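Which chain is which? The protein sequence lines are W, P, G and Y, in order.
Just so we're aligned, residue 1 is where the first sequence starts under my numbering, counting upward by one.
Just so we're aligned, residue 1 is where the second sequence starts under my numbering, counting upward by one.
Just so we're aligned, residue 1 is where the third sequence starts under my numbering, counting upward by one.
Just so we're aligned, residue 1 is where the fourth sequence starts under my numbering, counting upward by one.
Bear in mind the hints are in silico, worked out from the structure with no lab data behind them.
This one's a predicted model, so the numbers in the text were calculated from it and none came from an experiment.
Please note that a few of the clues may not be correct.
Claimed, not checked - With beta-carbon atoms standing in for the labels, derived distance ranges:
| # | chain 1 | residue 1 | chain 2 | residue 2 | range |
| --- | --- | --- | --- | --- | --- |
| 1 | P | Gly88 | W | Gln366 | 54 to 60 Å |
| 2 | W | Ile35 | Y | Lys112 | 17 to 23 Å |
| 3 | Y | Val165 | W | Thr80 | 49 to 55 Å |
| 4 | P | Val68 | G | Ile21 | 33 to 39 Å |
Quick reminder that beta carbons are idealized off the backbone N, C-alpha and C, glycines included.
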Amino acid sequence: MGLSLEQLTGWLAGVDEFWIQLAATIVKFIVVLLISLHVPPLMVWAERRIPALMQRRKGPNRVGIFRFRLFGLMQPLADTIKLIFKEEVVPDTAHKFFFHLAPVFVIFPALLVITAVPFGHPVTLGGYIFPMSVTRVDVGFLFVLAISSIAVYGISLAGWASNNKYSLLGGLRASAQMISYEIPLGMSLIPIVLIYGTLDLNEIVMQQQNVWGVFLAPISFVLFVVCMFAETNRAPFDMAEGESEIVAGYLTEYGTFKFSAFFLGEYVGMFTLSCLAATFFFGGWQIPFVSYETLVQISGSSLVASLIGMMVLLVKAAFFMWLYIWVRWTLPRFRYDQLMSLGWKFLLPLALANVVITAAVLVALQASRL
Amino acid sequence: MISLHHYLTLATVVFACGVLGVLFRRNLLIIMMSVELMLNAANIAFVGASTALANLDGQIMVFFVMTVAACEAAVGLAMVIAIYRRYGTIMTDFLRTLRG
Amino acid sequence: MEQQAMNPYLPVLIFLVFGFIFGCIVSALSWLIGPRKYNKSKHEIYECGVPMVTSAREKNSVKFYLTAILFILFDIETVFLFLWAKSFNKLGWFGFVEVIVFIVILVVGYVYVVKRGALEWD
Amino acid sequence: MAEVIVFYSIASLLVFCSIMVVTRKNPIASAIYLVGALFLVAAVFAFLGADFVAAIQVLVYAGAIMVLFLFVIMLLNIDPELLKSPPMTAGEAAVLILTILSFIVISVTVFKGQLVAPVGELTTQEIAKNGGNTAVIGLALFMKYVWPFELASFLILLAIVASVVIAKKDKKKLTGDQADAERNMVGDLR
Chain W
1 MGLSLEQLTG WLAGVDEFWI QLAATIVKFI VVLLISLHVP PLMVWAERRI
51 PALMQRRKGP NRVGIFRFRL FGLMQPLADT IKLIFKEEVV PDTAHKFFFH
101 LAPVFVIFPA LLVITAVPFG HPVTLGGYIF PMSVTRVDVG FLFVLAISSI
151 AVYGISLAGW ASNNKYSLLG GLRASAQMIS YEIPLGMSLI PIVLIYGTLD
201 LNEIVMQQQN VWGVFLAPIS FVLFVVCMFA ETNRAPFDMA EGESEIVAGY
251 LTEYGTFKFS AFFLGEYVGM FTLSCLAATF FFGGWQIPFV SYETLVQISG
301 SSLVASLIGM MVLLVKAAFF MWLYIWVRWT LPRFRYDQLM SLGWKFLLPL
351 ALANVVITAA VLVALQASRL
Chain P
1 MISLHHYLTL ATVVFACGVL GVLFRRNLLI IMMSVELMLN AANIAFVGAS
51 TALANLDGQI MVFFVMTVAA CEAAVGLAMV IAIYRRYGTI MTDFLRTLRG
Chain G
1 MEQQAMNPYL PVLIFLVFGF IFGCIVSALS WLIGPRKYNK SKHEIYECGV
51 PMVTSAREKN SVKFYLTAIL FILFDIETVF LFLWAKSFNK LGWFGFVEVI
101 VFIVILVVGY VYVVKRGALE WD
Chain Y
1 MAEVIVFYSI ASLLVFCSIM VVTRKNPIAS AIYLVGALFL VAAVFAFLGA
51 DFVAAIQVLV YAGAIMVLFL FVIMLLNIDP ELLKSPPMTA GEAAVLILTI
101 LSFIVISVTV FKGQLVAPVG ELTTQEIAKN GGNTAVIGLA LFMKYVWPFE
151 LASFLILLAI VASVVIAKKD KKKLTGDQAD AERNMVGDLR
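This is chain W alone, in the form it adopts within the complex:
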């Protein structure tokens, strides 16, 4: 009775490749969704444990189930349940429809951007090649940049809809900061496209077999990391929700689960940008001196090798997430005009100069090789 593999692949060959790719997409969709929706609670827990260890105190470790404390891992779970069951206070003068719409505009671009991140080497299974990213879009990074520019609406709408002076100013400031750091972010990656000659993320990771991107374009790496912090309103640039300045910025009027919806969007955005930084500069799922072919021989099947590659990418992304927390608890917050002049007057010219220098070097190299 046992269905042998040959029968399965025989049956598979009959079905049109479209439906197989669709089934693979559903599987990838569920896996990527589970990863990206488990990151925010993990980050909330890390956000409180790691600074605690830095300051030689204990983070949350009281919450537990049946005497299992698990180092306070249950704390985010307790927070989420509490936030769901608290009362939602929507101020009377707020604009109801946009008040409820704003979190949607923060969450759905963050979730959408993860589809382009290549988690591993394409798997050959039963004669078909399945890319290890949910979609293989030819315009790779442009798609990511375009979708992440939609998140600005969520924040400015939240600021405007809650009809509160603090939140309007906070919302405008946060969105002005996000858009003015989006240009250096976009321009910092042009040298990467110049060097690797393609926008497709998977191609870029393939070419980083032995030399990582960070050594070929160091200035781009610095620019990308700085803009990464500013794009998610984190670390030294969290002007908009600065508690000491304008109460809680655009989050002032938001209560229970909507408040955590904004943080869900922010943490998923941070996870995506960390994966992208790892993909462009730390060689994505490439293990430094082990090529994919040797990995396949060691582990037997190409699926296991790709999964190992996926673990490697998640470790590298975890390094950037840890960097977020580490920088947050060391650097003081920027004043708003310093923040904007840094973005416009320093990062933008640096990014442009970086593009021109890289292009000049590459053209000279190309000419000398001819």
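We have chain W already, so just place chains P, G and Y on it with the hints.
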């Protein structure tokens, strides 16, 4: 099968919404948004034709239409701010001083 | 780039629909489940306890508006550079000189903006 | 079969959004509907295989221009009573119906029109062969259309200078009374 007719008809309908917006609305901002709609209708027609005629000039034209539309929106909204500063309103009913 | 069996934007469509529904659920969750006890002072705008004097919708600085304008115009520059970067090795010297002229013209605009002080956040 | 469903759903949503843009009272509501319409136009481009133009549409249009519209609407924040426009007179109603009818006639004739044979040779297989949509557009733009590319940068320069001059008030030039006149007329937009 989805042929060029469907795209051109869709472009015509969206263009119609843009024209009606420009003709019948009095708020300056809504008029500018309707102009954006008309530009997008033209873009749909361009890309539809470029794919149907297997010639890429349509997509390059859309690329330049976007550049021009961005510059137009930037300068146009600068003027809306200046008008609001000068007259205190952006309703076209009250902006009749050019009538002479 | 070989011709893929499935249009690469179909998974994006699936994720888009799911992301939107998930966002609506998250946004409406505590409004549906949580208790609803109306109380006048609870539903006023939070002003650190001080009763509001003027409406929140008063006018504010034109700086945000200038930043948004310059963002559009430099965003288009990024787009042109991306297009050039993609087919850079095929274009060689000719493309390089073209884009240098493009960048120089825009740097003139950038210098004008900085000198004119449109980016001052006093 | 699936193609027809996807196309008609995108098209109907797009028409709904563009009608809502034109009919909404509150400018922020029509701005958000316009963002939805631009997103759906990008979906039509992606459906047609024009990857690069779809990404640019979302990046430039829905991500930059509409942010500017939103900022301007928030900056001016006109209270809704001011936006009440007088009800439509009989003449306007007649013109409205006339335009709608003429557009229906145009779209029907377009739908019935003759199809032109393809003139170019860049079919989707051809495009996929030499590097995909973006590479082909890039080569064409930088090889064939050099002058439009340089003029585009000059146009952007003009737009930068013009918008800064118009929007940014120059306090130095305004003499005393003129500055006060302007200030008390509108309330100082700092």
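Hints and how they fare:
{"no.": "1", "hint": "P:Gly88 x W:Gln366: 54 to 60 Å", "verdict": "59 Å, holds"}
{"no.": "2", "hint": "W:Ile35 x Y:Lys112: 17 to 23 Å", "verdict": "51 Å, violated"}
{"no.": "3", "hint": "Y:Val165 x W:Thr80: 49 to 55 Å", "verdict": "52 Å, holds"}
{"no.": "4", "hint": "P:Val68 x G:Ile21: 33 to 39 Å", "verdict": "37 Å, holds"}
In terms of the numbered hints stated before, the structure departs from hint 2 and from no other.
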